[in-house]
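Visitor: The primary structure of each chain is shown beneath.
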Amino acid sequence: EAGVAQSPRYKIIEKRQSVAFWCNPISGHATLYWYQQILGQGPKLLIQFQNNGVVDDSQLPKDRFSAERLKGVDSTLKIQPAKLEDSAVYLCASSLGSWSNNEQFFGPGTRLTVL
Amino acid sequence: SQQGEEDPQALSIQEGENATMNCSYKTSINNLQWYRQNSGRGLVHLILIRSNEREKHSGRLRVTLDTSKKSSSLLITASRAADTASYFCATDGYGGATNKLIFGTGTLLAVQP
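Note that the protein sequences, when read in sequence, are chains R and C.
Add 870 to the 1-based position in the first sequence for this note's numbering, that's all there is to it.
Add 12 to the 1-based position in the second sequence for this note's numbering, that's all there is to it.
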């Protein structure tokens, strides 16, 4: 079974520029998550989708971050404009559903460096 | 904010030894999960223990949960060099129906060959 795919794997941008990340979840997984992992810390949930609807975006900095999951499959996460503190690994994960015993499967992540 | 705190932050052992890492969390949970992260395979789910369970085994892994102390431990027996990774506990955080995970700060395990 193919895993969660993410692209690009690495991105370097200047502050105030824009950047977008793409995620393709495991086929059939209704729930998709975006996490931010700052160096030395555990992942922090930014946004959770159930199909194409947002379940939780309480920790998404909405003044600069946006995410969508059109058609309930692929998802994109955008940062505009980027700040230095956005340097992190952005992880996408998916699960069959949103109930709490569902295993989440993670993609390889996109490492973002903001200069 | 982080829900869990792992202890120790870093651990170095010899191959064949056992490794124990601990996790403390703050709020009620439905379940607690342990994940491993290394550069080769990314973040991988290891084991889930429900709030009504006290101990669970999976291969060389043994997890305990003490909800009265809001703590969990992960024991890796007969460690191998391939176990070198960061280990995170994650809780569902709500006691509700969503699958939102709140990760701890992680323990960096180094297994010396």
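There's no promise every hint is true.
Straight-line alpha carbon distances no greater than 30 Å define the calculated BS3-like cross-link-like pairs of lysine-lysine that follow [claimed, not checked]:
(1) R/LYS953 <-> R/LYS885
(2) C/LYS81 <-> R/LYS885
(3) C/LYS81 <-> R/LYS953
(4) C/LYS82 <-> R/LYS881
(5) R/LYS941 <-> C/LYS81
(6) C/LYS112 <-> R/LYS948
(7) R/LYS914 <-> R/LYS948
(8) C/LYS81 <-> R/LYS932
(9) C/LYS81 <-> R/LYS881
(10) R/LYS932 <-> R/LYS885
Non-contacting residues of chain R with respect to chain C, defined by C-beta distances greater than 10 Å in every case (computed) [as the list claims (entries may be wrong)]:
(11) ILE883
(12) GLU884
(13) PRO913
(14) LYS914
(15) ALA958
(16) LEU961
(17) ASN971
(18) GLN974
(19) THR983
If you only want the chain C side, here are some residues facing chain R, beta carbon under 10 Å, derived [as the list claims (entries may be wrong)]:
(20) LEU23
(21) ALA90
(22) ARG92
(23) PHE115
If you're looking for bench data, these hints aren't it; they were derived computationally from the structure.
Keep in mind the model is a prediction, meaning the values are calculated, not measured.
Glycine residues also receive a C-beta, built at the ideal position from the N, C-alpha and C atoms.
Visitor: Go through the numbered hints given earlier and state which of them the structure violates, listing their numbers in rising order.
Guide: 2, 3, 4, 5, 8, 9, 13, 14, 16, 17, 18, 20, 21, 22
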